[in-house]
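Trainee: Model the full assembly from the supplied sequences, consistent with the hints where possible.
As given, the protein sequences belong to chains R and B, one line each in that order. When the letters of the first sequence are read in order and numbered with our numbering, they come out as residues 52 to 129. When the letters of the second sequence are read in order and numbered with our numbering, they come out as residues 232 to 604.
Simulated from the structure, these hints should not be mistaken for lab results. In this text, a Cβ means the ideal position worked out from N, Cα and C, and glycines have one as well. Keep in mind that the hints are not guaranteed to be accurate.
If you want the ones that stay clear, here's a sample from chain R, every Cβ over 12 Å from chain B, calculated [as the list claims (entries may be wrong)]:
1) Lys-85
2) Gly-86
3) Ala-87
4) Ala-90
5) Ala-109
6) Ala-116
Restricting the straight-line Cα-Cα distance to at most 16 Å, the calculated cross-link-like pairs of lysine to aspartate or glutamate (EDC-like) are [claimed, not checked]:
7) Lys-343/B with Glu-58/R
8) Lys-393/B with Glu-413/B
9) Lys-325/B with Glu-355/B
10) Lys-425/B with Asp-100/R
11) Lys-431/B with Glu-594/B
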Amino acid sequence: MDFFLLEAVANAGGAIGAGLGAVGAGIGIGQIGKGAVEAIARQPEALNDIRSNMILTAALVEGVALFAVIVGFLAMVL
Amino acid sequence: MGAAFSLILLLFFNTSFAGQNEDSIVKKTEKIFDANEVIFGHIYDAHEFHFFSYKTGGKEHPVSVYLPVILYSPQRGLSAFMSSSFEHGEKAVKGYALLTDHNIEKWKLDSKKFRAGQIVAVNESGEPDLNVKIYDFSLTRNVVQMFIALALLVWVMLVIAKKYNKEEGVKTAPKGIQGFMEPIIIFIRDDVAKPNLNHKYEKYLPYIQTVFFFILINSLVGLIPGTANVAGNIAFTMLLALISFVVIIFSSNRHYWKHIFWPPVPHGVKPILIPVELLGIFTKPFALMIRLFANMVAGHIIIICLISLIFIFGALNKIVGYAVSPFSVAFVIFIYFIEILVAFLQAYIFAMLTAVFIGQAFESPHHDEKVHI
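Mentor: In C-alpha cells form, the structure reads like this:
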C-alpha cells in the first residue's frame, strides 16, 4: 500500500481508538458518579468513605482509558 | 540556605543572554507558526531552560538558562561542557553535535529515531557518525528541576520538623507553612495510610508521605511557566512505579502468592485465572506509571494548545488572532486551576493506590476459602 495512505490509516486508527477509549471511560466514570451521588443522597453521613472509594474507582477506570490513549498514540507514532 | 543556593546556581548555570553574544541564530526563512514543534519542544527533555525568544533585525535571540552536558561513549570516553557552546545546533563541540529539526533534515537522519534536542557524535567533517554510541548523563532540565523541587521539599519539611521539635504548633494552632502542610500530612495519614494499611500503617507511612509530596511538588513546580515537564516524563513516573512495585513485592506474604499461583476457584478456571493474576502483578505498577504520565502530559498539552490557538489564528489573520486571545487566555487560566487540582489529585491517587496495593499484598485471609469452592 502507498506509504502515506498507510500512515493516514494508522493515524485514523489511533485517533478512533483513543476516542472509543474515551467513550468507555466516560460511561464508566458516569456510572461511578451516579452511584456515588445516589449513595450520598441516601446516606450523607457516609460521605467521606463514599468519596474516597469513588475517586479510587474512577482512577482505576481512567487508567484503562489512558492505556487506550497511549496505545492510540503509539499507533500514530510507531 | 539562600547563599548556598545562589552558589549552586552560579556553579551550574551559565546564564547567558544570547542578545549580548553575536552568535545567535539567524532565522532561515519566515516560518509559519508550528504548533507541533512548540508542543513537543515543551514535552520533551532539553539541555536548557528556554524561556522566550525575541527578535531584532530578523535575528532570533533566545533567552535561556544553559545546563551542563555530560556524555560518555566507549570509544571517546567522558566529556563534559556547557550546552551553550552548541549555539543551538550551529556548532559541534568536542566531536558532538546537537540535533535540531534543521540538522535532521540536512543530514537526512531517520526522523523516527532522532528528534530535535538529542546529541549525536560527529566526525571531523561535521557529518554525524552513528557508529559511536553515546550515553547521555547530562544534567538536563528535568534533572535540574527535580533537584530544585526536591531541595524545596526537603527545606519545607525540615522547617516544619524543627517547629514540631520545639513544640511549636503542637498545643497551639500551627502558623504559616506549618498550618498549610499539617492538614495534608494528617489527611494522608488518616485517609490514605490508616484505612488501607491497618495495623502496619506506621511502617509504610514515611514512604506514602514521601511519594505523595514528591509527586505533588514536582507537578506544582512543573506548572510554573518556563519550567520543564518533570511529572509528565515517562522515566520519572516509571521509577516511582518501580519503587512502588518493589515495596509491594517485599511486603507480600504467603497468602498473596497463594492467591496468584493457586487461586481458590474451580480447577477448570485455574488455567485462565493464573495468567491473569500473574499479569496483574505487573499491570498494577504499569497503570500507576501510565496514569501519572498521561495526566500530566495531557494537562500540559491542553495549555500549550490553547496558547498556540492564538498564533494559529494570528497567522491566518491578525485581527482574528487578537480577537481569539482573550478567550484563549481565559481558558488557559481556567485549565491552570484545574491543573493545580489535578496535581493534588494525581499525587493522592498515586499514594492511595500504592497504599491499597501494599495493603493487598500483606493482608491475611479474613474469609473462609470454602465459600468460593
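Trainee: Does each hint fit the structure? Answer for all of them.
Mentor: Evaluated hints:
1. Lys-85: holds, 20 Å
2. Gly-86: holds, 19 Å
3. Ala-87: holds, 15 Å
4. Ala-90: holds, 17 Å
5. Ala-109: violated, 9 Å
6. Ala-116: Its Cβ does come within 12 Å of chain B, the nearest being 9 Å, so this is violated.
7. Lys-343/B with Glu-58/R: holds, 13 Å
8. Lys-393/B with Glu-413/B: Roughly 13 Å separates the two Cα atoms, so the pair holds.
9. Lys-325/B with Glu-355/B: holds, 10 Å
10. Lys-425/B with Asp-100/R: Distance of about 13 Å is within 16 Å: holds.
11. Lys-431/B with Glu-594/B: holds, 10 Å
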